[in-house]
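Construct the complete structure from the given sequences, taking the supplied hints into account.
In case you want the letters, here they are:
4 protein chains.
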Amino acid sequence: MQQQYILRIDCPDEKGLVHKITGVLYHNDLNVMRTDEFVDRESGYFFMRTEFAGDTDENKIVSGLIGILPSRANISLNKISKKNIIILATKEHHCLGDLLIRHHFNELNANILCVISNHEILHSLTSKFDIPFHYISHDNKSREEHETEVLKLIDTYQPDFLVLAKYMRVLTAQFSNHFPNRIINIHHSFLPAFIGASPYRQAYQRGVKIIGATAHIVNENLDEGPIIAQSVIPVDHTENATDMARLGRDVEKIVLAKALKLIFEDRVFVKDNKTVIFE
Amino acid sequence: MQQQYILRIDCPDEKGLVHKITGVLYHNDLNVMRTDEFVDRESGYFFMRTEFAGDTDENKIVSGLIGILPSRANISLNKISKKNIIILATKEHHCLGDLLIRHHFNELNANILCVISNHEILHSLTSKFDIPFHYISHDNKSREEHETEVLKLIDTYQPDFLVLAKYMRVLTAQFSNHFPNRIINIHHSFLPAFIGASPYRQAYQRGVKIIGATAHIVNENLDEGPIIAQSVIPVDHTENATDMARLGRDVEKIVLAKALKLIFEDRVFVKDNKTVIFE
Amino acid sequence: MQQQYILRIDCPDEKGLVHKITGVLYHNDLNVMRTDEFVDRESGYFFMRTEFAGDTDENKIVSGLIGILPSRANISLNKISKKNIIILATKEHHCLGDLLIRHHFNELNANILCVISNHEILHSLTSKFDIPFHYISHDNKSREEHETEVLKLIDTYQPDFLVLAKYMRVLTAQFSNHFPNRIINIHHSFLPAFIGASPYRQAYQRGVKIIGATAHIVNENLDEGPIIAQSVIPVDHTENATDMARLGRDVEKIVLAKALKLIFEDRVFVKDNKTVIFE
Amino acid sequence: MQQQYILRIDCPDEKGLVHKITGVLYHNDLNVMRTDEFVDRESGYFFMRTEFAGDTDENKIVSGLIGILPSRANISLNKISKKNIIILATKEHHCLGDLLIRHHFNELNANILCVISNHEILHSLTSKFDIPFHYISHDNKSREEHETEVLKLIDTYQPDFLVLAKYMRVLTAQFSNHFPNRIINIHHSFLPAFIGASPYRQAYQRGVKIIGATAHIVNENLDEGPIIAQSVIPVDHTENATDMARLGRDVEKIVLAKALKLIFEDRVFVKDNKTVIFE
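Protein chains in written order, with the working numbering: chain G, 20 to 298; chain B, 20 to 298; chain U, 20 to 298; chain S, 20 to 298.
Among the hints, erroneous ones may be present.
Just so you know, same-sequence chains aren't split out, so a pair can sit in one copy or run between any two.
Subject to a maximum C-alpha distance of 27 Å in a straight line, what follows is the list of computed BS3-like cross-link-like pairs (lysine-lysine) [what the hints assert, rightly or not]:
id : residue 1 : residue 2
1  : K280      : K110
2  : K39       : K160
3  : K280      : K160
4  : K34       : K171
5  : K110      : K34
6  : K277      : K290
7  : K102      : K39
8  : K160      : K293
9  : K98       : K290
Hints were generated in silico from the structure; no laboratory data involved.
Below, the structure is given as structure tokens:
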């Protein structure tokens, strides 16, 4: 079987880009399995993702692409491989449990290097699946002190992505900037509704008829990063805030898993705080 | 065929309410077709809606109910009948057109008394269905002057409800307080997200993956009244704000029609800026 | 805290049922927390479910009810308690894994007595959660022989319900009749579409744009029992049968869990091969 | 403004197709606005749709494409323009009414040439919008006789597409073969569930928890043509067949309108009784 690659390109749009890019692949005798491209008309920006297979010299491909692309183009060419990830969690088990099961049965397209938590409660669950669990309490520590400890531990693992699986700590900009576009969070509301704390309580008090969850990339502003996926379910007057939280858990875990699949398969581009996603 | 009634009761909860209320109906030999009740545990408040048929003295029923209910109970007993409504619109035709067709084929459970608009553009559509159309321009008028004219016209019709079918004027508190819980609006976003102007533009800029619409009762705070119904559709990076607005129109018209059905069938209770709805 | 009960009644409808039933509860000084009732107009049949609390003599309540209900009424009065269940599975882990996690964190409203499978593959997963796993191979056995072995094992546990969590064996009528309305199955299609084997393959070949899953009660006809819950997700031409199966797994596990919650909370009535569900 | 075109190509897949096709466009100095392509891996078949603008010789483009495509390729190159359509209906107004309103406000991307019906009932509605209405009764006529009359009338209009907007007549294979892939139907169920007559009655009797509608291309087998779009809504035990039909009408009209938009914008390819759709 041939080596499989994912090529991602984004750059200002200009005439003939698809023709030229596919030409580089064609003339290197590569087998394109799937190509997606999109031009954002408002910004005049071009996005392309191609899966191909072939025995090739990666440098030659990239050199060929540099030769025909605008100078400001972003090019990434990677062998298809599993991503290495660290999961951060707090007390709630539903997202972590779902990810551990998917991982155990090889459905996550990622290696979970470890789980880090500011509470001990999920230690037992994590250990069932033979994943290292690190408890780093935030008691009697400033936010910065706690993050420094977490960061130090993360650095020993060198993960590709951090997954916040109901990690109930607000991150400093310093922390999030350390992993640009590499932290994925699940927020338990239909953003931008109910930013911040206790979104189900807020939703209950507002009397909404639909609740939801949002998986997004974390940037330095809380709950304002680029959105990857959202999903909703109906509620009515018979559900109080606790019921909504219970119902919402199933939405949260499914949306997070869906977003991670898109991220881990290199399907997500980030531009101007929004995502372009080739599903 | 016997006369059909809808009985609505809400009051602080206490033991035996259902037993006592149904007793009044039973001992008056009425045929209950459907009963819904709900007790809000947080507020300790009781809601009940009963459809029944029978030849009866309405005063006798109400007297009987007053005798067994808490003194603060709200009781309404009405013959099932069509509501009289006025539609206010501006330039967009999709909600108005949908309501006119439903009305023409007797599906709206309401009589449209007239359409009032601050633009002429929907005159022709309205006239096709033989509904009076009143154009009241807001040009060179203060908000209050314009509303005074509109109010004066409305008063000549004595409607049960006002329906804002994409009426793009902000109402004063004075106007909305004139019709407590009797104005229904369709807002083109998934409230409380994107309150105010240009919600599709806001949604596009935020990069959400789902957009929606909200039908709500109008109170004195813009877009903050009790929500009746909400619905959503998925979007992605290929849709710009104009596309979202186009897609959203189908959601808006269906949600508005659904909410109106609930309102016109006396299924909606309002309490603490939220709705209890017996669908 | 007082003892909590669930009262379920179904019978031919007649005037005054709600008044009389609630009278029995009221005169026994019980605290009704929630009542749902429904009259099916086509069949003239009455259904009621009441949650109440109080220190009472159960026999006295039931005697009181028998005195005022039609002779053909079904009455059940039970203390609120966890159900005892056995899960049957085959090779797929997603439904079982989801249930094991919910059970482990006390969210299932049931005790999983054991897992029975015709394959060994899910043994390790089950054991992680300290649940007994019984492997009963069907190799070289007739359907009846295999079922007899399974039945014998089940009988040692005396479960309230059997949950078929992707159990890929067709049950004989003899087996299913052994547990009337007590076997819950998840079928990986939107019934009645794609009955039988390989529904995702069938869905792919038909070119549907939505796929789904159905949780239902098992009766003697395969895939034709009363439906409890259904859910769907969109698909398009880019998904082949394998993709659909992958996407469908998340729907299956959520729908099954939702249906089980309804069943375990005694919210589901079965009548004429359909369900009446008080959510 | 330059002339806008839609180019559609489908053929057996081979290496370099995208490169070669986009090369023809690039070397003719055309502005590509959007390209979508898909390769069906199971059948090894290639689909591509491109929107471009430019002042060009259409024959030159097609010749260029023929020179580089497999001999069995289907190529169509059309100026973007409105389609000419005829709507066939029977008694139900909701789909027709919705299309008439969209057409009146120039949202349908089609010219409605006329409405043909086997009943008079929709005459008045159609006339409000100044569209010719032809009543062709089927009384005392064989299916073939009736169809012959209808066909004769249709031929005087030379439509691009026929839209069956709740046309409750079964078409003969002879009729449908007369318009290959050019007849669009809305079926009031979630196909392939509930094929044939009275699908809401069937759905009610089966006790499903979701109902739906399917827009599809008509081929010679009733309800078995390629599916374009489907949508669903939840129902429960409180809805009887009549309620389901009422609820379903809103789904039907929205799904039909969505499918027509896709068809009229040349976004739908048909292959092996399935559709590939570039939304």
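Right, here's what the structure says about each hint:
In this assembly of identical chains, K280 and K110 lie within 27 Å of each other by CA distance both inside one copy and across copies; the values are 24 Å within and 23 Å between. For a Cα distance limit of 27 Å, the shortest separation of K39 from K160 qualifies neither inside one copy, at 55 Å, nor across copies, at 59 Å. Proximity of K280 to K160 under the C-alpha cut-off of 27 Å is found in neither arrangement, the shortest distances being 35 Å within a copy and 41 Å between copies. Taking the shortest Cα distances, K34 and K171 never come within 27 Å of each other, neither inside one copy (47 Å) nor across copies (48 Å).
Within a single copy, K110 and K34 get their C-alpha atoms no closer than 52 Å, and across copies no closer than 39 Å, so neither meets the 27 Å cut-off. In this homomeric assembly, K277 and K290 come within 27 Å of each other (Cα to Cα) only inside a single copy, at 20 Å, whereas the closest approach across copies is 30 Å. For a Cα distance limit of 27 Å, the shortest separation of K102 from K39 qualifies neither inside one copy, at 30 Å, nor across copies, at 34 Å. In the homo-oligomer, the alpha carbons of K160 and K293 never lie at most 27 Å apart, since the shortest distance is 34 Å inside one protomer and 41 Å across protomers.
For a Cα distance limit of 27 Å, the shortest separation of K98 from K290 inside one copy, 23 Å, qualifies, whereas the shortest one across copies, 33 Å, does not.
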